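Protein chains in written order, with the UniProt record's numbering: chain U, 1 to 188; chain A, 1 to 188; chain R, 1 to 188; chain Y, 1 to 188.
Quick caveat, the hints were computed from the structure, so don't treat them as lab data.
Note that the structure is predicted; figures quoted are calculated from it, not measured.
Heads up, a few of these hints could be off.
What the hints assert, rightly or not - Residues from chain R that face chain Y, not an exhaustive set, calculated with beta carbons under 8 Å:
1) Q4
2) E92
3) L94
Unchecked claim - Computed Cβ-Cβ distance ranges for the label pairs, DEER-style:
4) A54/Y with L15/R: 34 to 44 Å
5) R8/U with R163/A: 50 to 60 Å
6) L43/U with R8/Y: 23 to 33 Å
7) K124/Y with R161/A: 18 to 28 Å
8) E16/U with A174/R: 41 to 51 Å
9) E169/A with A54/Y: 48 to 58 Å
10) P38/Y with E82/R: 35 to 45 Å
11) K124/Y with L79/A: 42 to 52 Å
12) G22/U with L162/A: 51 to 61 Å
13) L34/Y with Y39/R: 49 to 59 Å
For glycine and all other residues, C-beta sits at the position ideal for the given N, C-alpha and C.
What follows is each chain in one-letter form.
Protein chains: 4
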Amino acid sequence: MSKQVHSREVRKAALERLAERGVTVQDIAEIVFLMQSPYHPQLTMEPCIASVHAVLEKREIQHAILVGVELDILAEKGLLSEPLQSIIASDEGLFGCDETLAIGSVFGYGSIAVTTFGHLDKQKIGIIRKLDNKASGRVHTFLDDLVASVAANASSRMAHRLRDEQEAEMDAKAQAQQTLDNTDEQAG
Amino acid sequence: MSKQVHSREVRKAALERLAERGVTVQDIAEIVFLMQSPYHPQLTMEPCIASVHAVLEKREIQHAILVGVELDILAEKGLLSEPLQSIIASDEGLFGCDETLAIGSVFGYGSIAVTTFGHLDKQKIGIIRKLDNKASGRVHTFLDDLVASVAANASSRMAHRLRDEQEAEMDAKAQAQQTLDNTDEQAG
Amino acid sequence: MSKQVHSREVRKAALERLAERGVTVQDIAEIVFLMQSPYHPQLTMEPCIASVHAVLEKREIQHAILVGVELDILAEKGLLSEPLQSIIASDEGLFGCDETLAIGSVFGYGSIAVTTFGHLDKQKIGIIRKLDNKASGRVHTFLDDLVASVAANASSRMAHRLRDEQEAEMDAKAQAQQTLDNTDEQAG
Amino acid sequence: MSKQVHSREVRKAALERLAERGVTVQDIAEIVFLMQSPYHPQLTMEPCIASVHAVLEKREIQHAILVGVELDILAEKGLLSEPLQSIIASDEGLFGCDETLAIGSVFGYGSIAVTTFGHLDKQKIGIIRKLDNKASGRVHTFLDDLVASVAANASSRMAHRLRDEQEAEMDAKAQAQQTLDNTDEQAG
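Input sequences plus hints: build the corresponding full structure.
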């Protein structure tokens, strides 16, 4: 009866949902930059944007975006049954399914991602703060956590990559020094 | 604008959703019994039922039931937007938000609960197998994982309680022996 | 060969380890107070202390404390094998087993606990900051995360309890009003 | 004081620990094969081995192996303090830090990995059963869970990859058909 959905459609739909709800890759990359620049003073926006794109390629995250934004929109339109409608529409403090759904994809990037997620969830930095503004009449109960999750994942991914690069550089230097030493020896 | 929902309403709604979708406390307690009876040969159904009731008192689990069953029902009625509608209606193999939502509440009962959940999810025991039967025309993509989660939590909770009771019994015996020894000493 | 360890011994050992490493229940309760007082202006230290005690009763948390502090002490004495010795002694940034162990017990108290843990891990409030001070020559790689976990759990536990109390109060008031109305009616 | 450890050393040490404790990549790949072959009848051992190698490249998993095997060895030698020594040496049923440490790296591969891990933990398939044999006088309290975790991760990773390949194949066929149709049209 039901057809298998192609990954291409899932990815496309997830990115469209983010855009429709007012979240750009640039917005999320700015949070990543704020998180990582204290540890890497020469950081530019470019690798942050690349890291957000890489995280958004993950099926688990695309699925979480589709589910979370669907629930936000249904709540905005008043189409959920009670008491779930009131709980999501009011972003009720003890409701945790939004964080649970978002955390599920956070684990994918290790413990740095989990702690960064917790931090972003409390501090509400950048676009996350804008989404949290209830005055707008819009419901972003799930979306703000999903954005925090993507930003946390992209931060963690970048921290690991930057270490890899740093080590590769050190290896190259050691290699060069070694070659130099060998040359000296032979010359000496 | 939106009112705060009373816990009483949340609990009532969660239990009603389970009943409406054909799941009773007895069904879940039977899974708990199957999981724990190999370790405790004299186990009866009564503490299994009590343990399921205790788990269903948790806000996190009530919220997860409300969210999961809502999505199942909306998918059953064809009311979700694509491609989410097809993904949930077909219980797509790589879709993991159902397990994520259920696992979120599983953590509450420690690592025994997590491994029991994984086991139940694969083996589909008792009511979980019935829910998994796609022939029914109903959608239980989230519900089967929620039931596995409640059963896993109740199993873990009971394993901890049974240990506590066992220790209390040993303590009582040791105490009695001690009293006896003291009496002997005084008498001797 | 090996005897079953009584829960009483496990609990006693876990509390002793905390004390030996310079962490008191009061220290942890102060973090809980800082986390929850913005939401509950009339909060006193007493329920915070009670909540920390309740969390420390959990087997999963006692086990995590025993494992984490053991590894800290072994690293402090230089008794681990390399490269683990260097990784733990230096509290290496990309090492995540300390957070993983601590997070395991955080899940027990729901998503509020997870986000609070992430926040504390980044902000290093109160005793957590003192433990993080590497100048001391001591190794607290695991302990600071364990303390953050206990504090996060106690905060989450208290948030749920305070809601329950608030609702009970509202119920009592509604009940009293109802009685009053009935009396009026009968009187009228 | 403490030097930064190079990733190369961490990876090398983690693989050596597995080998020293009697676990080969082949052993783990055999579990992956058993898990995935029901869904993919033409599966060979080769991609299973490749998937295990890929998972073992992850820092989080290497760290978890170093920590877990260290604790197993220390318990085997009787070098831990009590009551932790007895708890780990007896693989005490309610001790969950072994699963917690292993689960931490399981999240990296999504919900399929978590449920597969739970299943392997209960069923004790292949090398996991051998490790669980307490008659050997060796302690593998952490190692059996770490192996289950690597196998679960490699299974989940492969499930996602196989879907990607299947879709790429379908796309290629559709593309070929399209070219054929266009040629027909132009020819017609």
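Here is what the structure says about each hint:
no.	hint	verdict
1	Q4	holds, 7 Å
2	E92	holds, 7 Å
3	L94	holds, 6 Å
4	A54/Y with L15/R: 34 to 44 Å	holds, 43 Å
5	R8/U with R163/A: 50 to 60 Å	holds, 51 Å
6	L43/U with R8/Y: 23 to 33 Å	holds, 25 Å
7	K124/Y with R161/A: 18 to 28 Å	holds, 25 Å
8	E16/U with A174/R: 41 to 51 Å	holds, 46 Å
9	E169/A with A54/Y: 48 to 58 Å	holds, 50 Å
10	P38/Y with E82/R: 35 to 45 Å	holds, 42 Å
11	K124/Y with L79/A: 42 to 52 Å	holds, 44 Å
12	G22/U with L162/A: 51 to 61 Å	holds, 52 Å
13	L34/Y with Y39/R: 49 to 59 Å	holds, 50 Å
Checked against the numbered hints listed earlier, the structure breaks none of them; every hint is satisfied.
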